[in-house]
Structures are given as C-alpha cells and as structure tokens.
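Colleague: Chains as they are written, first to last, in our numbering: chain Y, 11 to 402; chain X, 1251 to 1431.
Derived by calculation from the structure, the hints in this document are not laboratory data.
One or more hints might be untrue.
As the list claims (entries may be wrong) - Some but not every residue of chain Y turned toward chain X, in silico, with C-beta under 8 angstroms: (1) 74; (2) 87; (3) 88; (4) 146; (5) 149; (6) 150; (7) 193; (8) 194; (9) 231; (10) 234; (11) 311; (12) 326.
Just so you know, these numbers come straight off a predicted model, no measurement behind them.
We put the CB at the ideal spot given by N, CA and C, even for glycine.
This is what each chain is made of:
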Amino acid sequence: MSRTATKAIFAAAALGWTLFATAAWAAPAAETDAVPEAETSDVMTIPPPKPTWFFVDGGWDMAGTSIFDGETGKMKGMVETRRLADFAIDPAGKFYYVSETIWSKGDRGTRQDMVSVYDSQTLNLVTEIPLPGRILIGSRKNNFIISDDGKTAYIYDFSPASGVNVVDLAKRKFVTAIELPGCASLMPNPGVGFSALCSDGSLATVAIKGSKADITHSAPFFSATDDPIFDNFTYDKRKQETTFLTYTGQIFQAKLGATPTIAAPFSIQAAAGIRPGETKPLELNWYPGGRQPMALHRPSGHLFVLMHMGEYWTHKASGTEVWEVDLATQKVVKRRALKEPMNNIEVSQTDKPLLFMNGEEASAIVIDLATGEEKHKIERAGGSTITVADPS
Amino acid sequence: MKRFNADAMGEKLLRRLAGGSSRRSMLSRLGAALVAAPVFPLLPVSRAEAAKPDRSPEAKTGFARNAQTKDDTKCDYWRYCAIDGALCTCCGGGLHSCPPGAEPSPVSWVGTCINPDDGKAYLIAYRDCCGKPACGQCGCDNTDRETQLYMPQLNNDVIWCFGTSSMEYHCSTAVMVGAAS
C-alpha cells in the first residue's frame, strides 16, 4: 500500500471518529439547547499554597507528591518526587523544592543530586541546583530543611560519611559542604545556622559564617540507642523551638539559639494518667509509632501523636489512636480512636485545624478537629510523609 | 537492663570517616565505605560484651520470643530481627548471597538477634544487594534495637548501596558475623 493511500485511510478514520464523537457529545447538549463549541486544550494553574492544603508524598510506590485541598478533599496538582526524594515548601509560597537524586540512564549511569525548584502556581520546573550528594532514605522530614527566611536550604548527606550541604536558594547555588560527624536530623536555627541530633545524645549547633562552620554540642540529654528520639520531630519558627518525642514517649522541648536550652521531659503516658512507657520487654503499654508519628498545631501548642498498644521496639507500628497533648499544661486533653491504623500525621496551621493522616494502604483522611468527624477519605493519595504550609 | 551504649565509639568512627574524606572524591568515599565495612559490625560486639546482656525469656523482645530457625523466607526467621526490605532468600538469593546480577554492598547496618535453638545472641550484618530493581517479594520490617538516622549503623531505612556500581536497592541479606556474647 502506498504511503498516500495509508494517509488517506487514517484521515478518513479520523474524520469518522470526529463525527461520531461530535454526535455523541452533541446529544446531551441538544437537550439543554446549548450550542457545542470547539474546545482547545489548555493547562490549569493553582494559587500559592493555602494553609488548609496538604501535600502527600507517594513514597516508594508513586513518583509524585499530590496536593490536596483539605476543605474539599480535591486534588489540586502534583509535584514530581521520585523515590527517596524530599519535599519542602518555600515559606513565601512562591516555590516548591524537591531534593532528589537521578541517574542519567534511569537506574544506572551518572548520578545527579539536585534541588529542583518548581513554580507554585504553574507547577513547572524553574531550575535545578546541583548538589555534591544527599542521603538516600526517604520518609524523613528533616533531611531537607529551609531556613525561616526562605533563603537557605540544608541537605543532609551520607556517603557514608555524615555531612550537610548548604544551598543559597536566592542565588540558587550550592554554597558549601559541612562535615557533621555522628549527627543527623536537622532543624533550622535562625541567625545561627542549623542544629542536629547526635549519636551521643546531644544536640549539635552549627554556626555558619560564610563557608566556615563552628560545631558545638549540648550536654547529652537522651539515649540514642536505648530510647531514641524520632527523626521526624517538629519545629516551630514562631518560638524557635523544637519538640522531640522518644520511642518510650518522653517529650522534650528545645529552645534554639547559639546555645540551645533543653527543658526537662515529660511522659506522654503520664500526661494521660497512665504509667509511663518503659524499655523493658513484656511491658504492654501505649507507645508512639509510625513514620511521621507526630504533628504540632503551632498556634495552640497542641501536639498530635499517633499511639498504638504494644511492647517496646514497635516504634514503626501504625497508630490506632491520636493523642492530643497540650504542651503548656503537659496534659493529654483528648484521645481519638482511629477507624484504621495510621502511619503519618500532620495538622493544618489554621484556627480551625484539620488533621491529615495516611496509612500503609496509602489512603489519606481529613479529620475536622472541631467536630471530630472524618471530613474526607482519599483512596490512593500516597503512603509517605505529609507536609503542610506554615504561613506564620 | 543496660542496652547498647557505644555512642562514643560510633561518633569516633564517624569522625574518622568524615575527617579522612573529601566530600567530592568518589575514591575517598569508597575508601570510607571499605573502612566502614569491617568496623561497623564490630560495634555491638563490644557493646554486648560490656553490657553482659540478660538472655532470660523476660528480657526477650516480642520478636525474639516468637522467632523460628527453620524457614529463612519468613519475616520471623531469627536472623531478621532488625531487617527492613525484601528478603533476598525470596528473590533468587540466599541468607548471605545476592540474587543473580545483583551486587552486595560492602557496608551495612547491623542487628543483634537471638537464636532460639541455643539462646545465644549473634551479630547479623544486613547487607543490601544492589543494582537491580526492588525485588518486591517477602517485604519485612523488623525493628529490634533499630534506631534513627543519627545512629545510622543501627538504622534500617537507609539505602546502604555504597561502594557498588549502582545504588539501586534490590533486596537485603542477613549475614552471620559471629557470636555477640
């Protein structure tokens, strides 16, 4: 068959399909007397991140972070976050940042580490900032953090020597690599640099001046092997404070600065009127657990913790209850039973907070804390960490 | 009961690794990885000796009380007390063997697991097999004495494919290192 004949057949087929399609679409339109108009394809844009939105990382199974509106339960768009990528929101709301690793030939070839910058309204890639390396782990909130002023990003690296790569987000340039032996899990420390948790149970503070870094350590305050602090702790830029939670359920608060101060801990179980968690086997009790086991509602100072019944060393188990802790009074003010066990938790930083959770099955739920009702359930939303915008 | 307490050693080790390596040099990274290979698994041996651990049933974790020694394709096989990922025994490999075409990582995280047949604790190196897509078979996530990222040699979430030609994670093995006490 000649090429011309083939083209003619395809053209006829295409025309036929077009006529059929037009007729099919025209039928319901005729009932409403609307005149069908030819449409052109276009692309949606979205507003900058809203405080009631939540961002769900697809984790190992889905190569994107889905953006959902917590009020409507509708998906707004997606940012590319392949396996083991980390996602962060520009505090000014203009960009989404993804710290990620790509190989030139898919799973082989040249390794490329970078921070990819996306416009928050078009979700288009703006630029890529090359990095000398980053850790490959995923499901961690504190390996890629942004300074409060939005100007600097800190990216944890593990090669397997431990360090932090510093990026100037305004100039979109890698600045320096800082060796950070024995420490990981980063938090911003405004005006100083950043802080991190260490294997000797101390808090390291890294003061950065240009490309120089001065590392100091607090006195050890927790046991990294016997009762570790979960990597996914929370940071409050209003108070420049972090809230830490240990496997047994001890809650520490640290005031950051050049010399951070760490307050005496309290037990979440004791705060609920039951015996504190212990490290001994055969001690059935309520323990915190999950991948992202806690969320802080910063305006009220209420901490939401995923809790499950079990023995010690079950720190990855999904929560069957959410305990709401008033950090000021050190009391558990409410315990909420969950219909299904949940693994990651976040909360909107709004006056009427919405609680966001997902579990092993990758379904996300939205709970209105005013009523306690499940507002939305979204199947296949994504199974990894949840992020919210913090407009403070 | 006193558990592991090798914080100072771990930090010293990491300092040595960090101090000796220029971040941009792949050669020195590989060097660090190779140095790390024999040293990481030694840590809990020293700890276990120092701690003289209690091996009574009351001191055993839930995993250790229920572990079995017959079937290494099940998550409750005794060596898997701190494994996370696909079992290589289900992916065409073995307890200490990578499946065809995959490459063992020279570095690993470690666990101290109790063999129910003799009641003794053994040091297990969980070496990832790398360079093939995730196997997907027999996914397990056991967490006895598993810690967080600031104690990386005891963390089972890190992709440990350092010093291999590809960092793609395929599956995890459970290599016997020796008696822990």
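Colleague: Are the hints correct? Go through all of them and say.
Modeller: Structure-based check of each hint:
1. Checking residue 74 of chain Y against chain X by beta carbon gives a least distance of about 18 angstroms; that is not within 8 angstroms, so the hint is violated.
2. Taken as an interface hint, residue 87 of chain Y does not check out: its beta carbon lies about 27 angstroms from the nearest beta carbon of chain X, beyond 8 angstroms.
3. The criterion of a C-beta within 8 angstroms of any C-beta in chain X is not met by residue 88 of chain Y, whose closest approach is roughly 22 angstroms, and the hint is violated.
4. Checking residue 146 of chain Y against chain X by beta carbon gives a least distance of about 4 angstroms; that is within 8 angstroms, so the hint holds.
5. With a least beta-carbon distance of about 7 angstroms to chain X, the hint placing residue 149 of chain Y at the interface is held under the 8 angstroms criterion.
6. With its C-beta approaching chain X no nearer than about 7 angstroms, residue 150 of chain Y sits inside the 8 angstroms limit, and its interface hint holds.
7. This hint holds: residue 193 of chain Y has a C-beta 6 angstroms from the nearest C-beta of chain X, less than the 8 angstroms allowed.
8. Annotation: interface hint on residue 194 of chain Y holds; nearest CB of chain X at approximately 4 angstroms, less than 8 angstroms.
9. With a least beta-carbon distance of about 12 angstroms to chain X, the hint placing residue 231 of chain Y at the interface is violated under the 8 angstroms criterion.
10. For residue 234 of chain Y, the interface hint holds, since its Cβ comes within 8 angstroms of a Cβ in chain X; the closest pair sits about 5 angstroms apart.
11. Below 8 angstroms, beta-carbon pairs count as interface contacts, and residue 311 of chain Y has none with chain X, the closest being about 24 angstroms; its hint is therefore violated.
12. Taken as an interface hint, residue 326 of chain Y checks out: its beta carbon lies about 5 angstroms from the nearest beta carbon of chain X, inside 8 angstroms.
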